[in-house]
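**Student:** So you can see what is in the structure, the chains are spelled out below.
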Amino acid sequence: MIFHKVGRYLRWYFVLPAVIVGSGVLVPFAYLVLRAADAEASELVEIVFRLRNLILFGNTALLVAGVVIVDILLALPVAWLTSRTNLKAKRFFTLMGVFPLAIPSYVMAYAILGLGGKDGAFAQLFGASLPRLSGYWGALAALSFYTFPYFFLNLRSALLGVDPALEESARSLGYRRRWVFYYVLIPQLRPALYASGLLVALHVLGNFGVVSLMRFETFSYALYLQLASFDRIYAAWLALMLLAFAGCLLYVEARLLRGRRFHRAGIGGVHQRTLIPIRGWGKLSYLYLAVLIFGCVAVPTATIVSWLIRGLDSVSIENLVKAVLGSLGAAVPAAFLSTAVMLPIVYLGVRRPSALSRVLERLAYIGYAIPPLAFGLSLIFFAQRAIPGLYQTLWLLIYAYMIHFMAEAIGPARSTMYQASPNIEEAARSLGYSRLNAFFKVIFPLLIRGLTVSIAFVFLSAMKDLPIAFLLRPIGYETLALNVWDTTSEALFAEAAPYALLMIIFAGLFVSLLLVRERNVHEQPA
Amino acid sequence: MEGAELKSLAFVISLLTVAAICGAVDAKELTLYSGRSKSLVEPIIKQFENETQIKVKVRYGGTAELAVALLEEGENSPADLFWAQDAGALGAISKHGLFQPLPDTIPSRVPEKFRDSGGMWVATSGRARVIAYSSEQIKAEDVPNSILDLTDPKWKGRVGWAPQNASFQAFVTAMRVGVGEEKTEEWLRGMKANDTKSYAKNTPIIKALAAGEIELGLPNHYYLLRFKKTDSKFPVDQVFFKSGDPGNLVNVAGIGHLKTSRNSEEALTLIQFLLSAQAQQYFAGEVFEYPITNKAVPHPNPKLVPLAELLERTPTINLGDLDDLDGTLKLLRKVGIL
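Protein chains in written order, with our numbering: chain A, 1 to 526; chain B, 1 to 338.
Because the hints were derived from the structure by calculation, they are not lab data.
Values in this document were obtained by computation on a predicted structure and should not be read as measured data.
Treat the hints loosely; a few may be bogus.
With a straight-line cut-off of 30 Å between C-alpha atoms, the simulated BS3-like cross-links for lysine-lysine are [as the list claims (entries may be wrong)]: (1) Lys-201/B - Lys-303/B; (2) Lys-118/A - Lys-57/B; (3) Lys-322/A - Lys-330/B; (4) Lys-38/B - Lys-183/B; (5) Lys-55/B - Lys-322/A; (6) Lys-38/B - Lys-28/B; (7) Lys-233/B - Lys-118/A; (8) Lys-118/A - Lys-201/B; (9) Lys-46/B - Lys-322/A; (10) Lys-295/B - Lys-322/A; (11) Lys-95/B - Lys-330/B; (12) Lys-46/B - Lys-295/B; (13) Lys-118/A - Lys-330/B; (14) Lys-303/B - Lys-118/A; (15) Lys-118/A - Lys-154/B; (16) Lys-28/B - Lys-118/A; (17) Lys-201/B - Lys-154/B; (18) Lys-118/A - Lys-229/B; (19) Lys-113/B - Lys-242/B; (20) Lys-322/A - Lys-229/B; (21) Lys-242/B - Lys-330/B; (22) Lys-197/B - Lys-183/B; (23) Lys-139/B - Lys-118/A.
Only chain A is shown next, with the shape it has when bound in the complex (with noise of 0.2 Å):
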């Protein structure tokens, strides 16, 4: 009886999918322990078993904490604006929406510093200067305004799949629209919410670009300095540490969630929704969207342009298609593998939740927190072992953000597959298809939404990436980033901008593309 249950889920396409995950997980774990075990005790004390090192996990908890909450209130307002009411031009909102994340860590870093201070732009155009902007509200502000977009496109694909009888039935019975919010939407929203929030939560964790500018001091700095003084041993423990961190916020999120269930018990099909108009004081959302468009995007894009002014001699038109085309290559076939490859993790997890689901999902959130620079590290180690010729070519390239960035595929993917009902599935079922062909057939195109939202989340963070490319690219390989990178440092900032304007740019088109397919099903005039 229980072998047959097994049975039915040693199936290829789940077999794979979750070989490819643990061991692309345990493989960099496992170079963590090997390196750790090298270390003698004195140093231990002195360089990982410190007072500081406490003390960073404080400041790395109150960055955290202080992004997901700032985080939320940004996002909440914008994807419920474009996914409930008749505002005008959602599409331009919902891109506007998405276009922050195409914004590379410390390029906003620097857009925020560079708006205050005696030669600021403040200062430039009104002659009075505010102060910079630094330490932990500048590492909020600038960690938060492109980090909002994860909770935005959860959040509204959430929203746009939640059956409308749900909230009319409660209206129905007499909740006012207020307390339809609390009790019905905000749990329904949950997924979205949980999942969002554990991957900003990560991302804060690993992040060293906006900290290190803004000299606000987490964990990652600790790490990043031991392996910038050659050391692969403490820096080892240093990470382990930060996965115990990740460690202990997966735990939360998966007694959050235990149980839950979000698709719709009926039968019948999902009527379309009526938009929400609006008027009088509604129209101030325009201003609230205006103002974070205007900070979140045109800012970044503004400094971006203003480098570019301020003098560029000439630019290598070879050079931009070949960092377009590198960036590319890397990024696409990545977005649409891990996506792949999470997608019957998903499923399951969501069908069938079982200890090996739970499990394989957490791993790939444990892949995305194992420090990059670390995980580029043991990929070069198994590599040269294992297979030498695969080593600084493009199929590892993408196999290394394949894994790493899995774990941003989850959430949007897992929070349609929620709302998808199990019973449509069963009647196709019951009708002769096989379990691969009832999926395509009736529950692939109910997840299309949230696929397209996960797409977008791995393909713009693989064209941020510095580390792992740095580590892993094929000798002569040029992305976007690692050119950005490569001018700012040396503080030829005229010479980034052609290269950022061009990440923004191709990220924004990549991004529309996706969203224009999104069919608007559930719009209809009020």
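Fit chain B to the supplied structure of chain A, relying on the hints for placement.
**Tutor:** Showing chain B alone in chain A's frame:
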């Protein structure tokens, strides 16, 4: 019959020729791991390729990242050369025994201060530590003339440095060698007590000076010159401390020949080229770094002091002795700066 034999002979010969050509092409190739930015060194590498017909495959990356990658690759590394941004990384690679000694003709082309005493690596250009100041808030004559004066309470909260940066750490190592462990520790404690602001690296120090967040900063010399290139009114200036002051350390970018090298001849040709007047001129003119060979460059950069003055300014310390990075990190941790 003869015709057939001739044909097959011709075939064999053409095969051999092809093989020889491929072999020659293979041999004329070189793999360089460059911790120096692509935007700075690509033009000079191109010149080398054009002149020698040796193709250089360059892996660009951060100096620290590449050093760690080299350690991880070990004996399987495809690299012939490692070109690093600072002497510390070269020292670390040298300590792990990954370099092979350079032939005597190469190190002798640079002053003793700027090469490894064991002959494992050689400098390619110099990068001086300076004191930069906000020219709107401080007059040139009020800038302190020794780094030891920065602990004066009158500078409280007005100075910026980058303790995580490799150049800064090399400077602290030099200070320990030059003025002793105790005095260095005392200075570091004084700086900390004086609320010296920590920045991630050199560029943010310059930006903070322009923004008025700090008034004095301790960066490398060339970043400001790059800011001034695009904006001549940029409100920051820089000077050396008095001659021999530990604050004037001249650090170097340098290169070493790896044991894993399979193209030694080409590798040494590249090192020779980087020490040539042509390459040294490029570093001075385009990158704003100090030319470092015994021979002067044809067109000195007016923004840079001549090598003789530089040698007099910098403390009398051999860069090859600056390999005790661990000791510096220990000290910085002990004082609570890292």
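**Student:** Evaluate each hint against the coordinates.
**Tutor:** Outcome of the hint check:
no., hint, in the structure
1, Lys-201/B - Lys-303/B, "holds, 23 Å"
2, Lys-118/A - Lys-57/B, "violated, 44 Å"
3, Lys-322/A - Lys-330/B, "violated, 43 Å"
4, Lys-38/B - Lys-183/B, "violated, 39 Å"
5, Lys-55/B - Lys-322/A, "holds, 19 Å"
6, Lys-38/B - Lys-28/B, "holds, 22 Å"
7, Lys-233/B - Lys-118/A, "holds, 14 Å"
8, Lys-118/A - Lys-201/B, "holds, 20 Å"
9, Lys-46/B - Lys-322/A, "holds, 17 Å"
10, Lys-295/B - Lys-322/A, "violated, 38 Å"
11, Lys-95/B - Lys-330/B, "holds, 18 Å"
12, Lys-46/B - Lys-295/B, "holds, 23 Å"
13, Lys-118/A - Lys-330/B, "violated, 37 Å"
14, Lys-303/B - Lys-118/A, "holds, 26 Å"
15, Lys-118/A - Lys-154/B, "holds, 22 Å"
16, Lys-28/B - Lys-118/A, "violated, 53 Å"
17, Lys-201/B - Lys-154/B, "holds, 24 Å"
18, Lys-118/A - Lys-229/B, "holds, 20 Å"
19, Lys-113/B - Lys-242/B, "holds, 19 Å"
20, Lys-322/A - Lys-229/B, "holds, 27 Å"
21, Lys-242/B - Lys-330/B, "holds, 28 Å"
22, Lys-197/B - Lys-183/B, "holds, 21 Å"
23, Lys-139/B - Lys-118/A, "holds, 18 Å"
Of the numbered hints given earlier, the model fails hints 2, 3, 4, 10, 13, 16; all others are met.
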